[in-house]
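Colleague: What follows is the residue order along each chain.
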Amino acid sequence: MNAEDPAQPKDTGELRFLAVFFSLFAVGMAGLFAALRTGFGSDGIAIFRALGLALLLVNAPVMWADTLRRNGRAGWYRSPAAGGLLLTLLTCLGGLPVTAHFAGILFALLGMAAAAWTAMRAFRAGDVRIDARFTATLVLAILWCGGVTWGTGYENPLYLENVALHGQRRSIDLFFHSGLANMLTTYGVPSNGIDGLVGISYHFGSHWVFGRWAALMGVQVIDFYQMGYQVVVPAVWFMGLAMVALEVRRRRGHVGAGSYRGIALILVCAAVVGSLPWPPLAAGGFGVSPFLSESHALAILLGFYVGAIVLARVPAHEGALAEYFLACVLVPLTITALGFMKVSTFAFTLPALLYGVLRTGLYRRAAWIAGTLLTLAAVYLSLPRLLQPIFLGAGAVPKFALFSYLDYLLPVRWWPFFITIHFFWSWIFILVRLRQEGVTNFQSLRLALKRKSLIDAEIIVLTTLACMAPGMILPISMDAFFFSDQARWAALPLLLGDGILLARLSAKLRDFRGDGYFRLAPSRIAALFLAGPLIISFVITLLAWPISMLRMNLSTRKEIAALTGEPLMSVKERVRSGRILELFDSRMLAAGLANAPGTSVIQTLRTASEISRESKKHTAVYIPKSIGEFWDIYQSAENCNWAGFVAPALSEVAMINGIPPRECSVGRNFGYGMSSYMKGLEWPPSVVKTDSELCADGERWGFNDILIMEPVSAHTQRRQFKLRKLSCGMTS
Amino acid sequence: MERSSPGGRSLPELRLVTIFLSLIVVGMAVVYSLLRTGFGNDWEGIGRVTGFALLLVNFPLHWGMRGRALQEEYNWYWSPAAGGVLMIVLTSIAGWMPGGSVVGIGFSVLGFVAAVATFSVRGEASTDWKNLRFLAALACGLAWCTGVTWGAGFENPLYLENVALHGRQGSMDQFFHSALANMIQLFNVPSTGVDGVIRIPYHFGSHWLFARWASLVGLPSFDFYQVGYPIIVVALWFSALATMVLEVRRFRAYPAENAAFRGVVVAIVAASVIGSLPAPVTAALGFGIGPFFSESYAATMVIGFFLGGVVFAHFRAARQGGAGRFRSADILIAALVIPLGIVVLGIFKVSTFLFTIPALGYAVLRLRLYRKWHWVLSVILSIALAAVIMPTLQASTRFAFAPFGYLRFQMPVRWWPYWLSLHFFWSWVYVMVRLHQEKVTSLRMLRDALSRRSMLDVEIITLTAIGCTIPGLVLPLPIEAIYFTDQIRWVSVALILGDLWLLGKLSGFFARARSEGYFGFSTRQILALFVGLPLVISFVITLFSWPAKMVRMNLSTRKEISIASGAPLISLRERVKSGRIVELADAEMLSRGLANAPSQGLIVALRSLSQMPIEDRRHTAIYVPQTVKSFWGLYRSDYNCGWVAFVAPGLTGMQMIDGFPPQGCGSDPTFGFGLEAYSEAALQPRVALRTNEDLCERATRARVSTVLVLEPAAGPANETDWPREFRFRRLSCGDRL
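Protein chains in written order, with numbering that gives the first Met the number 0: chain A, 0 to 731; chain B, 0 to 736.
Derived from the structure by calculation, the hints contain no laboratory data.
Positions of the beta carbon are idealized from the N, C-alpha and C atoms, including for glycine.
The reader is advised that the hints may include incorrect statements.
Reference listing, derived: stretches of chain B covered by chain A, where coverage requires no fewer than 3 residues with Cβ under 8 Å from a Cβ of chain A [stated by the list, open to error]:
1. 429-435
2. 512-524
3. 530-543
Using the sequences and the hints given, assemble the complete structure.
Modeller: As structure tokens, this is what we get:
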């Protein structure tokens, strides 16, 4: 609580505490990244800029609210979420090519200053006490988040090293995402860039934002996905969650009743980390945190901001202008922006908006009628850019696929438990609200509905059903998760914002602790037999990811060590014989990596990114099908289709004729925008194109220069490559 | 719950259970014959098995009713449980004696008479079975019982047809068990008979009992496992559980009969036996395929329930009968029934020692029965007999420490934290209920309750649960560890079902829930919707998955045979659509197809020997040269080739000579199934085709006068690597004996 300044709103103390915690968390993530890359070299300046950006996005919204909400002044634009949203927009603008370099440094410095300012105020006001519990929570949070982002096989501090060694077996998404972000940055076109600049229908909002943030950090997008995303997004995401929860508390008048940090931490851990093994874990969500999908995490973060802003709205205190701005500008813009981040958000935001406007009587205000119509129009117009053509009726009408998500996710015998587990947090929230409103039968429900005291629960029910529907009827298997998972993140902050519930749970826990954990009342024995396993399982789940991260890291190092001609030794043997430190030797790692099959291809493509931004606009890269080192880079027959994504991702320019070889016949028109290349086109033959053919192809897209990958020497075991520049009409 | 004296004389609840189980017996017989439609049914055998099962299921009821009619219900030996023990003893003795088959007909006829008598008893609740709910429960019970026995890949009405088609089906244990039962039947020696009749260390009790019962119903042991075991033991298991529950209720001086709690009883039995959680949770809870997966284990539980019922009946008598009368009974129970019962249970399943002996010892200590000489004798006798008999039941193996061996086998590591809660779920429920009943909420109260000895049942459950957990956690016993721990589940379930206070509470809860309506907005209703409903749906799926699997397996075998008969390949779905599914039951087509099955000739040849008189079989052995690849390659799996030899003694009912697999068989022939006993012979160099001299020398050692040598039948069709027809060459070695 803020003991120093009574003019401060009571929840800013809580926010300052969280800001300090997540600032240290971001520092820890940056440190962990650097540690995981020991021996491979880290770009210290980029890490500094990433950390600065994270600190800015974590701390500046708190400063914003601290300053603007003095003396209890209300208004949605004074909320920390409004500050967060504004800052996100500013950093994106700052990341535009013209300003990126200087803005990156400026934002980093501002971030450091904001963190210092918040920390100073927090310590002075007694909001934060760094004790053993705080430190343990922080360390575990860093370990878990590091594990869950760098230990699941998607992002990896040694991502490109792994690709060089054996292709990327787990996830190929990052090349696609990086390619898309690069095409947006270089040409301003949402394309995967594998054969010119064919536009694809995809929610490219997160790619645009990450492209800007990567520019601020001075790194390639593929590197941002390995480092910047983890340092910035999780910390800011949790702050966003806290902002919604605190706005809910403010709105309900539960601020100041207590902080309930312990119980809130338990709820957040249970929802984010999970404590059930597979398959209920899968039924409960990914089981690998909300950070698995970069676009989903960013969409949820922005959703938190928008939610918190809407909750912070106090109609009686706001002028007509502010109301019009909120209803007719901010809401349509943010809902559409959310859709561009993740198209699935429309399934949540639109029903929530329409129902909210109807039930709260906002439809009586012209501002909200106009705002709703504007939103619907914006969504309608943006859909063709976001949805794959198949869902818009082009080519084939979407097939009806009953329970496709369940089919993908769970063995049939677990299906009956899906709805209960998957929407667990929604049901808990609804249950709590029904109890609070004394609803025990249809009559009391009718009365509660009539007096509009259950609008939050109504919206959660409606959106839960709306988000459940796509996975139940459309053939979207895994993607259905991005619809349904939103319900969890809507319900959780509402629960965390319920001071009465938290107070009750806190009291129960305190009583439990007060009486000792082991007593013989049946309820306690039941708790022991249920809670005991849940806690053990939670701890296992929590620590499984950092262990996986460490194991993967050491395994890559071991693989590289084997390439230097060293005898093959298991990590266990190395630990026993004290030779584990050799795996961190930079000379050995460099020598080994030079022998990796894909190193030369990767390095050659990365050199293309070094040409000037202006030149890139008129340049494309061509890789003949004869270069097996590139086309077989994934070393997996089922992924051969996506090898083309590697070039735009690493070179930052589009490819010419990057459609996979004819021999690769895996799912040609499926996903990643590939269907855009199928319209009326024959699959191109796998021939090496002549210079004149390449120039003709390049001319279609306005490319003057074609960079052609060629082997330096044809007869060595590990071929080296170079890029030959073909300036159309003459070679150099 | 208001406590009162036992109810009326007709034992209406037990009667209702008996009617239910009698109908299950008849239903299972019908399903069995339906599953064999087109393959031919041994109607006499099925009829005799049905009658025999009806006798075993109905006798305890009539025995108990007779005791009541004689007003002797206070004597333990007039309890239905004692009736159950008596009938098992009587039938096994009868099956041992010459002419058992004829006596068996009498038993079967008696069984039908007893069942008719049960149906025609007049009195309280005599028409309670004539309602829709009963019939629905019967249909579900029948579907599950048949599915879980004939659909789980162990027993199968078309077992041999599957073997003929593609080697073994599901489990190969059946040949081992049949071989063991056959050797016991012929020589009274527990042996697999793969190279003479060498005693193997194994808990052979169930094989001994099934051999006796097979003889009574006139079936070869192998067929008994497919038809006799499912029809008899499944119903008898529930009957034995019901008699024990009855005695627990009487012991607690509850009214033994209470129709109001039937719904809750059915729910608890269904939840504990069938289960309602999917894998891997169901594995954590136990087998997930009912207690009938292991024939010896199910038979052990039957005897255990009956004996448990007898012990409870005896202690009830201590409360209600005269002291002098009680003393002689006490001596009989303590010094004879309990030690014998413990040893018999151990012979049936050696793992029971870990439950029975600690339970007895602890009860004697806590109840201070050690002041009575006969209880001291009881403990000493039990331990001594168990120690003496142990080496014959279990091969002595070196101790190997294998932490969490059972858990590793059963479930992924991430599920381990839940194992203890789930596996002993029923025990913890019982312990919680009892703590609640005794108002124990703190350690001090627990101490008080312990000092007044009011929670002996909880103490024994907890102690034995811990004791029985240990083997699976420290020894390399993957699947076998369940036979230690699972016992506790059934004891706990019986005790829960015997607790009318709890049943009353649960009934009240459900009654309130029903009157309130299942769907509403109270916390309970919402929880019921989100937790109860998935559990119910999952239960229904589990219940019907077994019969569905059974039908699918049956149709799949028929489809395979139809292809072998030359019929075109048509999927089952297409057959159903086009109405051609009936063709799969066509006897002519099935017979033609089966004749083309790769191993049908071998099966027919081996089966033909089982018809030989028992005396002849005692003096005859079979020899299968290693050149006969269709026998040694029967399982078509390198991993299992070491155990092919069980097929010969299993099907023919005769011992084998040199039944070791050919050189190069991948599996370790000295591991498991009692083959350790033959390790010396097994390690000798293999001989592909033994000479007559050699065979006779071995026959002499095996004390047989005739050796039947399996050879391909004459004709060019059999001059291949995989001959289809066989004959036996008779080699007489009589003068050597």
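Colleague: It remains to establish, for every hint, whether it holds in the given structure.
Modeller: Do the hints match the structure? See the list:
1. 429-435: holds (count 5)
2. 512-524: holds (count 4)
3. 530-543: This one holds; 8 residues, not fewer than the three required, reach chain A with a Cβ under 8 Å.
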